[in-house]
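Participant: The numbering of the sequence shown is the UniProt record's numbering, which starts it at 1 and goes up by one.
Just so you know, the hints here were simulated from the structure itself, not pulled from any lab data. Some hints could be false.
[Said to hold, decoys possible] List time: in silico BS3-like cross-link candidates among lysine-lysine, alpha-carbon distance up to 25 Å:
no.: 1; residue 1: Lys152; residue 2: Lys275
no.: 2; residue 1: Lys119; residue 2: Lys141
no.: 3; residue 1: Lys275; residue 2: Lys47
no.: 4; residue 1: Lys602; residue 2: Lys543
no.: 5; residue 1: Lys574; residue 2: Lys414
no.: 6; residue 1: Lys602; residue 2: Lys565
no.: 7; residue 1: Lys275; residue 2: Lys69
All values derive from a computational prediction rather than experimental measurement.
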Amino acid sequence: MPVPRPLVLAALIAATLPALAQTPPAPAKTVITSLEQLPRRTLQLDKLPSQYLNAPRAEVLALAEQLEKNAKADLAAYEIRDAATMRSYVGTLLTLAQFKGDWAAVPGLVAQLRQLQDKPGPRATTGVLALLLAEQQTGQKDAAWVRAEVEKRYAALNWADTADLIKGTKGQFELLNPALVRGSFEQQLDVAARNMNLKVPEGLVGSIIGARLQAELIFPLKDALVGGLQAVIDRQAAQTAAKPDIWTPRQFAIPATAKASPVGVGIWDSGVDLKLFQTTAAPGLAMNDDGTLNRTDLLRPLGEAAPRWPQLRQLVKGSMDLRAALDTEDARRLKQAVSTLKPEQVKAFQEDLSLASVYTHGTHVAGIAVEGNPFARVYAATMLYSHLSEPTLPTEERSRRWAEGYKAIVEGFKAQKLRVVNMSWRYGVSAHEGALTWHNVGASPEERKQMARKLFAIEREALRAAIASAPEILFVAGSGNEDNSADFAEYIPAGLQLPNLITVGAVDKAGDETSFSTFGKTVVVHANGFEVESLLPGGDRVKFSGTSMASPQVANLAAKLFALKPDLTVAQVKDAIIRGAEPRGRVQLVNPRRSAELLGLKP
């Protein structure tokens, strides 16, 4: 589920990934085919993370030297067969080179990063700023030169490939606020570091160096960077036609007078406002964060945040727009709010944004899944994840309750005779490992890794078995928004392979691959996940972006096919969806009309 991760947990999850014990590399590299195979490492800090923000530079350089040594040792020892993980390594080396002022190393690292990019937009934009800043620093150029060069260099890129990334980069620069960084460090990373007795994962150290680099190199040039990028955007807006919409002609709606049958559609998500939909006889089941079950909170309660809902609605829409590189009024409001935050306000702000996201997400997904289908009947399977910045402590007892919860949820689907279930959420073992790290559970990083794998395996196998127990239901999963490999990251459900499961990636309205969509061998079709309009709790309509919006479009198609021809099997519907898709490069664009025709239907 695309809940905005608080900075501390995001840092800890990243921290648990690549690490190698400091021993001489073997002559032959060890082949790495999943994140689980990479060992872990910690570093000892001498003070709290926030205190490094203003510490003498020599102290931070000492940390940078350790990170660089370890990263190079990993690359020498391992053959990592995953481009996203390799990008993380090389990106770390690029950040360290910039922080150290090793500008001669920048061009070579940029070249490596570009070779590792799978998508044309990221390949074109990678390193543009790093090379510009290297030239600015070595030539002692002023801010006016930076603004002019930003405009010149980004304007030379293919706008069709890079527009969203350029807009998104501008939005990120507009969010720069030293108080936000300090607040995140003081209220979150410092807490985590205390829990760990200052023996922290490498990713947390990387966050320190990244923050110092941002403060020293990027923030002083903020106005120049934003101004140059805005000039490029303005020029293109005046000269470039909007991308074509390939999806509207492919879609079809079922008339209310059609000869069709009611079809049960499960929305396994963060909660649904069922007042907006026709429902199954039993409306749903909810699973609390601790794995216990309830039948009342099918739409997540806002609690004490209810009076702030109008403001929260704007914030969550703004966050979605920023992720999709859209310069909207809500995105501008979010940028303004972030830019004026004080350090002591950061934690509460991030938790509000997280709450608003999970409150709205499931209803928006449900609206997409049943659009144009008056025969759809919604069943809500609500997962009440915590939205707080402190991660819940993973335990075997909790994982076993979650395992039982997955089984109970699928039994509910079967009892209501559902034919389609959408799952716009995913997580991997790194989520548990990051939480264990935050709570300092386990005697060593390696022990935490093994603990996390055990707990994750309980949940993964329970989910796999639950889905497999319902062969009459087609489960549709969103791949993820991390531009990585779902199978390498071992995501569930996206990384699972089952006859009654299909995983969906996101493209934009023209059918071009989005910069954020997760890929991998389990991702077999793609649908529009860019600015998709649907419902919020209460009935307002807004546009969100993400693979969470692409997945229910495939669920929508499947539900229509089952409604029009109830005797179809899951295998027949899945086959029609896949065979009806149009190949374009490495994506497979779903075509609802074509899939219906393959089954003898005339939409």
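Participant: For every hint, state whether the structure bears it out.
Facilitator: These are the hints, each one checked on the structure:
no.	hint	result
1	Lys152 / Lys275	violated (52 Å)
2	Lys119 / Lys141	violated (32 Å)
3	Lys275 / Lys47	violated (52 Å)
4	Lys602 / Lys543	violated (30 Å)
5	Lys574 / Lys414	holds (19 Å)
6	Lys602 / Lys565	holds (11 Å)
7	Lys275 / Lys69	violated (57 Å)
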